[in-house]
Each structure stands twice: as structure tokens, then as C-alpha cells.
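A.B. asks: What follows is the residue order along each chain.
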Amino acid sequence: MLLLALALALQTTPPGEDAVDPYLQSNANAGATPFTGTAMLAAFHGRAGIDRIADDLVTRIVADPRIADIFKGQDEVRLRRLLKEQFCYILNGGCAYSGRTMREGHRNLGLQTADVGALIEDLQAAMRTERVAFHAQNRFLAKLAPMKRAVVER
Amino acid sequence: MRVFVKCLTAAVLGLVLASLLGAQPAQARELRQGGKLLLTGGVSTVEGAAGGGLATWALIAGNETDAGIGGSAHATLVALPDFDLKSIGGAIGFHNRIELSYAHQRFDTRQAGAALGLGRNFTFGQDVFGAKLRVIGDAVYDQDRILPQIAIGVQYHRAEKAPVIAAVGGRHAQGTDFLVSATKVVLARSLVLDATLRFTKANQFGLLGFGGDKSNAYHAAFEGSAGLLVSPRLLLGAEIRTKPDNLGFAREQKAVDAFAAWQFQRHLAVTAAYVDLGSIATVKRQRGAFLSLQASF
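Keeping their order, the protein sequence lines are chains A and B. Counting the first sequence from 1 gives a position; the numbering used here is that position plus 121. Counting the second sequence from 1 gives a position; the numbering used here is that position plus 2.
It is worth saying that the hints were derived from the structure and are not from the lab. For glycine and all other residues, C-beta sits at the position ideal for the given N, C-alpha and C. Be aware that one or more of the hints could be misleading.
[As the list claims (entries may be wrong)] Pair by pair, the computed Cβ-Cβ distance ranges are:
| no. | chain 1 | residue 1 | chain 2 | residue 2 | range |
| --- | --- | --- | --- | --- | --- |
| 1 | B | 81 | A | 192 | 42 to 52 Å |
| 2 | A | 271 | B | 158 | 36 to 46 Å |
| 3 | B | 188 | A | 249 | 17 to 27 Å |
| 4 | B | 232 | A | 271 | 24 to 34 Å |
| 5 | B | 127 | A | 230 | 45 to 55 Å |
| 6 | A | 230 | B | 147 | 22 to 32 Å |
| 7 | B | 253 | A | 249 | 41 to 51 Å |
| 8 | B | 188 | A | 230 | 28 to 38 Å |
| 9 | A | 271 | B | 240 | 32 to 42 Å |
[What the hints assert, rightly or not] Here are some chain B residues the structure puts well away from chain A; computed CB gaps all over 10 Å:
| no. | residue |
| --- | --- |
| 10 | 4 |
| 11 | 104 |
| 12 | 129 |
| 13 | 138 |
| 14 | 152 |
| 15 | 221 |
| 16 | 242 |
| 17 | 247 |
| 18 | 272 |
| 19 | 280 |
| 20 | 290 |
| 21 | 295 |
| 22 | 299 |
All chains, please: the whole structure from these sequences, using the hints.
C.D. replies: Written out as C-alpha cells, the structure is:
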């Protein structure tokens with residue numbers, strides 16, 4: 122118990138990010154089990170490709186008129202970092218995920234199914250720009266799709 | 003039997019209505035247009051319901067999500083060696099839960115009409131009114147579950163030319179089909195799969211009436227589709243649809259097709275297929291082209 126309290130107290134805020142209330146960190150928070158092997162990581166052009174896709178995705182969603190309002194006042198620096206971690210973790214790129222659970226991370230955003238649809242289309246565009254093979258895109262999306270149930274609130 | 007059919011129709015329509023009314027509290031919030039992923043509203047079948055070209059799927063028509071109302075309209079031409087089938091119609095999707103559909107079909111016998119003693123360009127027609135309820139499952143988002151999207155439906159067909167239908171042995175000019183569909187997008191394999199059971203008496207989709215001199219019982223017909231997503235906008239696949247064989251004067255065979263459904267724009271899709279409808283009214287080898295244009299919102 123003391124150890125847990127200590128661990129929570131030791132969480133530091135990465136540079137450029139807003140402070141968040143402490144929470145239990147776990148890779149299980151990523152909301153999907155990672156792929157095995159290296160094929161998917163290779164299909165996404167390694168850690169560098171994942172970082173490019175996550176950055177491109179954030180650039181797209183904050184400019185997407187369908188969902189841009191959701192990200193107003195949100196910590197974009199933290200979002201970029203956590204998306205890179207999450208994608209890298211799921212694609213078996215050797216990263217740990219340090220964010221909250223999908224449900225906690227999206228609490229009170231009032232997300233709807235159509236918002237998830239818009240984000241998926243932006244992610245498809247980002248993966249297409251990175252020239253990830255369509256079949257590999259779908260394998261990755263199959264991991265993300267069930268998260269919709271945790272993030273949609275209305 | 004007739005009472006049973008009416009009861010079943012009433013039960014399905016009752017469920018559809020109850021769901022429609024049950025959705026009312028949720029409608030207190032603002033309706034939201036669109037939001038469905040490309041192709042996941044299916045395309046329009048010749049009967050107006052969302053599906054492949056021939057098979058009805060569990061998907062609900064329109065671009066709406068659970069937060070909105072959407073719909074689709076279609077114009078379809080099936081050009082065969084000796085016949086033409088045209089279908090126009092539309093469907094409305096409520097909250098990605100309920101679908102109400104309508105189609106009007108014209109079946110032109112062209113020169114074969116004269117050979118069949120009906121007269122050149124004799125045209126059969128029918129109206130199809132459909133209702134579909136998504137019961138459980140999400141074909142697209144439930145990628146961690148084996149459970150497909152399952153829908154039940156009812157289609158009421160009203161054929162024209164009742165005297166001709168009676169003359170060829172058809173028992174009724176009207177009929178009601180009952181459907182259970184299971185549809186799943188297997189995203190990890192880029193596949194779209196559907197299996198549908200249709201309980202029907204229809205002769206040639208209902209154009210030649212319902213029931214016949216050979217059989218007037220309900221038959222469990224199978225509709226199956228399998229497609230491969232090759233891009234977010236393009237689905238390539240094949241379908242099979244079995245049909246009852248009720249009329250003594252002409253053997254009725256299964257229908258198969260190989261299709262490409264291309265949603266080239268958010269609100270527009272085109273389906274092109276090679277279709278084999280087998281023997282129709284004694285005229286064999288009716289293989290040809292299926293072309294359908296759909297608009298959706």
C-alpha cells in the first residue's frame with residue numbers, strides 16, 4: 122500500500138504537459154492486447170512510422186470540423202505522446218503505455234459513435250499517407266474498434 | 003397458416019414499432035447526420051433493403067449512427083439475355099437500429115413474352131415493403147467478439163398481373179417473407195460475411211407470385227455473401243441466393259453473382275455485378291449484368 126502511494130506520488134509531469142491527477146499506470150490501460158511478432162511493426166515502418174502516423178493523426182483531428190471542438194482545451198502534447206505509446210505498445214514496438222484507461226481518458230468528453238467514425242477516417246488517412254498496406258491498416262483497426270464501447274457516452 | 007403468418011408479421015412489426023418508440027427518449031438529444039463508416043450501411047438489394055445486390059444483410063441502410071436518421075435510394079438494372087429487371091426504391095434507417103424499405107420492380111419479358119404467349123414486352127411488376135430490426139451485435143465495432151450483427155425482418159410483396167400468376171400455377175399474388183440475417187465485418191481479414199435465412203413462398207422473387215401447384219408451403223431459403231475489402235471504398239465479393247421451386251411449368255434455380263461495390267463518394271455508390279439467375283419461366287441460362295446506383299445520407 123505504501124509502495125503504491127509512493128509510486129503514485131512519484132509520477133511526474135513530462136515537459137510541456139499539464140499535470141493530471143495520479144492514477145494507476147498499466148499497459149492494460151491501452152485497451153487492447155499487443156500483436157505478437159514483428160510483422161505489424163514492420164508494416165507500420167517501425168517506431169518512426171508510428172510516430173509519424175500519430176503526429177499526422179493529431180494534426181488531422183484537431184482540424185477536422187466534425188470533431189475539432191472535442192480537442193479544444195485538451196492537452197495536445199500529452200495526447201500526441203500517449204497515442205504514440207499506445208500505438209507502439211499494440212503494434213508490439215516495445216513501448217509501455219502510461220495513459221489512463223480508455224474509459225477514464227475519454228470521460229465527460231460526451232463522445233458519440235460518429236466522433237469515433239470521424240477519428241477512424243482520419244487515422245485511415247494518416248496510415249495511407251504513411252503508405253501502410255490496407256490489410257495491415259485493418260488488422261490494426263480491428264484492435265482499436267472495440268474501444269468504441271468504452272469511449273462513447275451518449 | 004395464414005393466421006400464423008399474420009401473427010408473425012404483427013410480431014416483427016410490433017418489435018420494430020416498439021424499438022422506434024423506445025428510441026424516443028434518446029431522440030430528446032439533437033439528431034446527428036452521418037457518421038457511419040464507408041460501405042457499412044451496405045448497398046441496396048433489388049428489394050430495397052440494405053445488403054449486397056441479391057442478399058439482404060443485417061446492416062441498416064443509411065449513413066446514420068445510433069444518434070441519427072439516414073437513408074438511401076437506388077436505381078438498379080439487371081440486364082439478362084431474354085429479360086430485363088428494373089428496381090427503384092429507397093430505405094430509411096432510424097438510429098442504426100430500424101430500417102424501413104420500399105422497392106418497385108419491373109420485369110420486362112421483351113421478345114420472350116411473345117414466345118411465352120404473354121405478348122411482346124409483357125411486364126410483370128411488384129412492390130416490396132420491408133421492415134428490419136437490428137436485434138444484437140455490431141458488425142463493425144465488435145471486432146473482439148465472434149457475435150455478428152443480427153437482424154430480423156419482414157418483407158411484404160404485392161405482385162401485379164394476378165391473373166397471369168394464377169394461370170401459371172401461382173397460388174397468391176401477395177406474400178410475406180420473414181428474414182433472419184447475420185452480418186460480420188472481419189476487419190483483421192478485411193472480410194465482410196453474411197448469412198441470411200429467408201422463409202418465403204416467392205416464385206422468382208415474388209414476380210411470379212407466391213406458392214404454386216408444386217408447393218404452397220413456406221421454404222427456408224439461404225442467402226450468403228462474402229466480400230473482400232480492397233480499399234475503404236471498394237468491396238469485391240460473391241453471393242448466392244436459393245429460392246423455392248413451386249411452379250410446375252418452369253424450374254426455378256438459385257441465383258449467384260460476383261460483385262464490386264464502390265462507394266466513390268460519401269453519398270454515392272455503384273454496384274456492378276455479373277449475375278446468374280438460372281432458368282426463368284422456362285427460358286434457360288439467364289446470365290447478365292447487374293448495375294445499381296445508390297445515393298445515401
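A.B. asks: Please go over all the hints and tell whether each is borne out by the structure.
C.D. replies: Hint check:
1. B:81 - A:192: 42 to 52 Å: 50 Å, holds
2. A:271 - B:158: 36 to 46 Å: Between residue 271 of chain A and residue 158 of chain B, where Cβ atoms are some 40 Å apart, the hint holds.
3. B:188 - A:249: 17 to 27 Å: 21 Å, holds
4. B:232 - A:271: 24 to 34 Å: Holds - the Cβ-Cβ distance for residue 232 of chain B and residue 271 of chain A, about 30 Å, lies within 24 to 34 Å.
5. B:127 - A:230: 45 to 55 Å: About 51 Å separates the Cβ atoms of residue 127 of chain B and residue 230 of chain A, which means 45 to 55 Å holds.
6. A:230 - B:147: 22 to 32 Å: 24 Å, holds
7. B:253 - A:249: 41 to 51 Å: Holds - the Cβ-Cβ distance for residue 253 of chain B and residue 249 of chain A, about 49 Å, lies within 41 to 51 Å.
8. B:188 - A:230: 28 to 38 Å: 29 Å, holds
9. A:271 - B:240: 32 to 42 Å: Given a distance of about 36 Å, which is inside 32 to 42 Å, the answer is holds.
10. 4: Nearest chain A Cβ is 41 Å from residue 4 of chain B, so the label holds.
11. 104: 26 Å, holds
12. 129: 33 Å, holds
13. 138: Given that every Cβ of chain A is farther than 10 Å from that of residue 138 of chain B, nearest at about 14 Å, it holds.
14. 152: The claim holds: residue 152 of chain B sits with its nearest Cβ about 17 Å from chain A, beyond 10 Å.
15. 221: 37 Å, holds
16. 242: Its Cβ never comes within 10 Å of chain A, the nearest being 25 Å, so this holds.
17. 247: 40 Å, holds
18. 272: Residue 272 of chain B clear of chain A: closest Cβ-Cβ about 20 Å, beyond 10 Å.
19. 280: 35 Å, holds
20. 290: 31 Å, holds
21. 295: 23 Å, holds
22. 299: 13 Å, holds
Violation of the numbered hints given earlier is absent; every hint is satisfied by the structure.
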